[in-house]
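K.L.:
Going down the list, the sequences are from chains A and B.
Residue numbering for the first sequence follows the working numbering, starting at 864 and increasing by one per position.
Residue numbering for the second sequence follows the working numbering, starting at 79 and increasing by one per position.
Simulated from the structure, these hints should not be mistaken for laboratory data.
Mixed in with the good hints there might be a few duds.
Facing chain B, according to a computed beta carbon distance under 7 Å, are these residues of chain A, among others [said to hold, decoys possible]:
{"#": "1", "residue": "His1235"}
{"#": "2", "residue": "Asp1239"}
{"#": "3", "residue": "Gly1241"}
{"#": "4", "residue": "Ala1242"}
{"#": "5", "residue": "Leu1289"}
{"#": "6", "residue": "His1308"}
{"#": "7", "residue": "Asn1310"}
{"#": "8", "residue": "Gln1354"}
{"#": "9", "residue": "Arg1355"}
{"#": "10", "residue": "Gln1356"}
{"#": "11", "residue": "Leu1357"}
{"#": "12", "residue": "Tyr1358"}
{"#": "13", "residue": "Glu1371"}
Idealized CB from N, CA, C, for every residue including glycine.
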Amino acid sequence: MRFQFKAVIALLLAVTNIAFADSTIAPISTPTRLLVLGETFSDLPVLWDAGEPFAPVGDWMSALKLHWRVRSEGIEFEAPNRLRFFWAKDSTNVTVNGRSVEVTPLRQQEGVFLIPLVSLARALGLTAIVNSEKKVVKLASPLKEIETSQTDFGLLVSITFGYPLPTFPKTGVLRQPDRAYADFTGAALSSVNLPTPPELTPLTGFRVGQFSDDPLILRFVADSTAPISIAVAGRELTSDGCEKWHLVLQLPGKRPQWLGQIIVRENSPTRAVFLLFGWLGGELSLKQEATTLIATIPAKPIFASDLTMPSEGLAKNAYLESDERNTKLVVELREPANAYWQLEGDLGIAIIVELASQRPKQVRLIVVDAGHGGKDPGAMSPTRQDKPRLIEKELTLDIAFRLKRLLEQVGYKVLMTRTDDTYVPLPTRVAIANSVQAHAFVSIHLNSYPQPGGQWGTEVYYWTPQSYPLAESVYRHLLALLGRKGNGIRQRQLYVVRNTNMPSVLVEACYLNHPEEEELLRDEGFRERIALAICRGIMEFFGDLRTLERRGD
Amino acid sequence: MQRGLKILLIAIAVLTVAVLLAIYAFQKPMRPTEPSQGALKVWQVDLCYPDLKASRLVKMSVSVSAASEKRLIEELLERLKNPEMSDLSPALPPKTKLLSAHWEGEILVLNLSEEFANPDFWQGSDVAHLRLQAIVHTLTSLPNTRAVRILVNSQVPEALGGHEELSVPIEPDPSLQP
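Using the sequences plus the hints, can you model the full thing?
P.N.:
See below:
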């Protein structure tokens, strides 16, 4: 009896509920996956009405770097591309920087504004990709234009998007066939005219495609018949609120120094970071006097630099001074701090200023092994009438001494397996490193190929997994400072890297019997750069790059 | 009694011969057997060549007939000197001669002529390593051969090109597994 009564009540409630829902015809908020540029918001309560999605005002808008203020009569918007507008709650039009845009009116639910996403995209210059069946909405920055221009330092590629992207593009090179690419997260493909590659270059064409749909990644590709390098040169906002990214394509063999742009990446009370887009071959000097840091850069920026401080922090202000050859970045600090620079992959160089760490530094012992020696000359450059032959054993010793000096300058202890022109058997070299329990072992070599000129570039060898991070950091610094073709980090059972007990690498910096690299090796400055790259690779491996103090010079 | 003793002695002699034969058979279980003079035996071998451009070894499975183990190794070394494909590199200097070859357990000991150590042939870490490993990968594809020890004129030579140490037997580098 009691059960029957309960069933009747339940049935009545259900019928009432259906009737109530039918009478109001209220659309229901449905969990929706919203992709905003590079960020994903799952299960967002999005209202779907006549196939159009409406999202409640909330955190997802931060992914567009929007500033907004909710008022009773509507919402004020300010976008990172300097677009400003007020969206009145019943309005079917908004005026965005003087441009009238037709919109669906805002909705309101329990006092919260719901924004029609397709209209918002139209107002901001975004593309909205809506899948009402799967309940997925993507807000992406559309590709607008690709242009190229030839410069003294390489080919400048400028790619314009409708809305500022959330991150820096990721660049890289691929082999067989040679090509360079740049990935833009949060960007959507649209029909654009592709430029024609300039004549008399190895470039054969450009391509662009939607590399990934979720997350949205647009890939630009430059095809080539020879290895090329790619780097980010800077970004600019156009007057109509678009964002233009500049890339530089260079032949690694001909890499003049260049500086694209300088920006402030971070400014907190303990740390400030300046990003220098470009390729400087490591020729950057830092000098600090009291609270003024001066970075001397051997190039002039191609694009206007943005040195506005994003927040109050260690750096009070920064400005540029230029002379005929150099650019000086002057940073006024709130208090004296340590400053150093490090490579930021293909983005260029980061100058980092931070308050000194109180942690005592551990003294590490590095064994530096100059390859060959004595009766073993190693490789030799081809005989030339006007120049002496280069002998590997002499150059490796020269570079080893340079590396020793650099490592000792920054506080490492160094032991060399040979300090003069003597033959040291490989087992003895290994025994030296193992007996002193060195923290790292670096063997320096210069490469050779059976057919002179047939191969060129940089290689680093390792064997144990513990050595890979050292090989990786040394290799990365070598590529950045020497600008040669990267032939890879190779795992090989070479005697010295196999039998040493500590992280150990064998460096083949470049080819002694390649005409261009032979000429480079004749230059002391190039050999110093090899040593500097290895030194910085070791420092990065040990996490010591950050403790390098550069007071004075 | 005299006859019984004779039978016993014969039985002991037969048993001793049988035991000796069994020990001999266990000592040399799988080694490529030395065929009788003039008879050819066929071996399946993985010939490995360095592809220096791609920095890898290229494997070719071949059947090689030879009248003896030494002849087999001579034949393999000749083939390693002269790859049939133009994009592959020779694995040892052209004038190298095999002076002798024998096994010590699972280690094949090669005694080569001095041309083998020609430093010009072994320049560059990867080139030297790929070439030596092409020899080692090829010869360790023979039955019961784990490593190769290389002597030059019966002596342990200096490291090849200053890169490859030969004072110890060389095993195949697993990172180069073709």
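K.L.:
Hint by hint, say whether it matches the structure.
P.N.:
Against the structure, the hints:
no.	hint	in the structure
1	His1235	holds (4 Å)
2	Asp1239	holds (4 Å)
3	Gly1241	holds (5 Å)
4	Ala1242	holds (5 Å)
5	Leu1289	holds (5 Å)
6	His1308	holds (6 Å)
7	Asn1310	holds (5 Å)
8	Gln1354	holds (5 Å)
9	Arg1355	holds (6 Å)
10	Gln1356	holds (4 Å)
11	Leu1357	holds (6 Å)
12	Tyr1358	holds (4 Å)
13	Glu1371	holds (6 Å)
Of the hints listed earlier, there is not a single one the structure fails to meet.
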